[in-house]
Each structure stands twice: as C-alpha cells, then as structure tokens.
Amino acid sequence: GAVVSQHPSRVICKSGTSVKIECRSLDFQATTMFWYRQFPKQSLMLMATSNEGSKATYEQGVEKDKFLINHASLTLSTLTVTSAHPEDSSFYICSARQGYSNQPQHFGDGTRLSIL
Amino acid sequence: QQQVKQSPQSLIVQKGGISIINCAYENTAFDYFPWYQQFPGKGPALLIAIRPDVSEKKEGRFTISFNKSAKQFSLHIMDSQPGDSATYFCAASLTDSWGKLQFGAGTQVVVTP
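Quick mapping for you: the protein sequence lines, in order, are chains A and B. Each residue of the first sequence is one higher than the last, beginning at 1 in the numbering used here. Each residue of the second sequence is one higher than the last, beginning at 1 in the numbering used here.
Rather than coming from a laboratory, the hints here were simulated on the basis of the structure.
For lysine-lysine, the following DSS-like pairs were computed, each having C-alpha atoms within a straight-line distance of at most 25 Å:
| hint | chain 1 | residue 1 | chain 2 | residue 2 |
| --- | --- | --- | --- | --- |
| 1 | B | Lys-100 | B | Lys-71 |
| 2 | B | Lys-71 | B | Lys-58 |
| 3 | B | Lys-100 | A | Lys-55 |
| 4 | A | Lys-41 | B | Lys-42 |
| 5 | A | Lys-64 | B | Lys-100 |
Make a model of the complete structure from these sequences and hints.
See the structure below:
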C-alpha cells in the first residue's frame, strides 16, 4: 500500500519551455502533497505544500510564479516549471500523505529535469 | 539554519557489521522522527519511524534509538548487507506545522562484501 506515482521520470527540454510533472497517489487519498527539489548528493529541499482544493503554500525563496502547483483532486497534484532555464535542472520529488499531519509521507520516484 | 543535524556524512561497513547513523535536533516540539532510505535515481522510501514517547523501536534489522533529553536519535542497521548500500536520511516534523519534514543532510552507506 501507499504507492505514489510520479510522471515523467525524466524529461529533457529546451530553455524557455514549460514542463508539467504529475504526482498521483494510487491507493490512497492524499490530503496533503509536498514538492521537493534535490541536488546531487544533497538533501531534499521542500519547495511547497499543497492541500486538495487550496492554494499551495511555498517555502521562502521559492518563486510561486515559476513553480505552479495544482492539487485539484485527492489523488493528483501537478508541478509546472514555467519558462524553464538551465538553472532549473534538478531532481524533483513529490510526496503524499493521507489524513492528518502525524501520518507518514510517501514519496514518488522523482523526475529528473534537464534543461538545455 | 539546519534544524536536524546528521552524521556521519558517509560510512563504510563490512557485510554483517552494524551501521550507526546519528541525528540531533533543536526544536523540542518535533513529535515525529522518520528515517528514509534512498537509492540512486529513486525517491526516498520510509524505513522506520518513532514518536517521542518511545525510546526504541525495532523493525527487522533496523532499530531507532531515541533520547529525548539529549535531543538525539539514531538508526542502527544490524547485520548490514550489500543491498543496504544507499543514502539514509533522518527527518523530524511537527504535527502543528502540516507535518512538514525537516531532513538531515544524509548519510551514504556502503556495505562491502
């Protein structure tokens, strides 16, 4: 149980393109989803927290107009990197949690984004 | 400011040995302490977690020891296997803060045959 699917697993695109990443909870309803960014050999950095039907809450320093998050249903959240540039290249990972905030987060397998 | 400090940065252990990773935290309000295992190119997978009302939790070869007064917790991997070679992250969260996880810097564990 508690499977989180992330798609695509890898994307390579040209600078200026917008890229959408999907995060789905397959066997549970995710009240809250989180989006992280991870650089090579570093820890996970929380970008934003999204609750179903509400606007996402972004961490300090994360541009909300650059990283658009939509959590339209209890099983799907999307992250759109708008007008991506090479510095946006990174490993993006989502997680999902069922129920209250004392429940564990379950992570997807990440999306490797490379901007040329 | 890193709220959870993790050590060591890397660890090499022989097959059958014990891997020990330590974490320390500052915020005494943290009430959930999970450990995650991450393989290259994959997302973190929840390994084991503990709450502050318990001093130790064991699941198979993995044990968390928790010292509330010292604000420290550790992961012990008993009988380490080559398949345990991965990066391990400790984390802490606060129920009142949407359960947002504060991660440690990670420990790369290599188990030699």
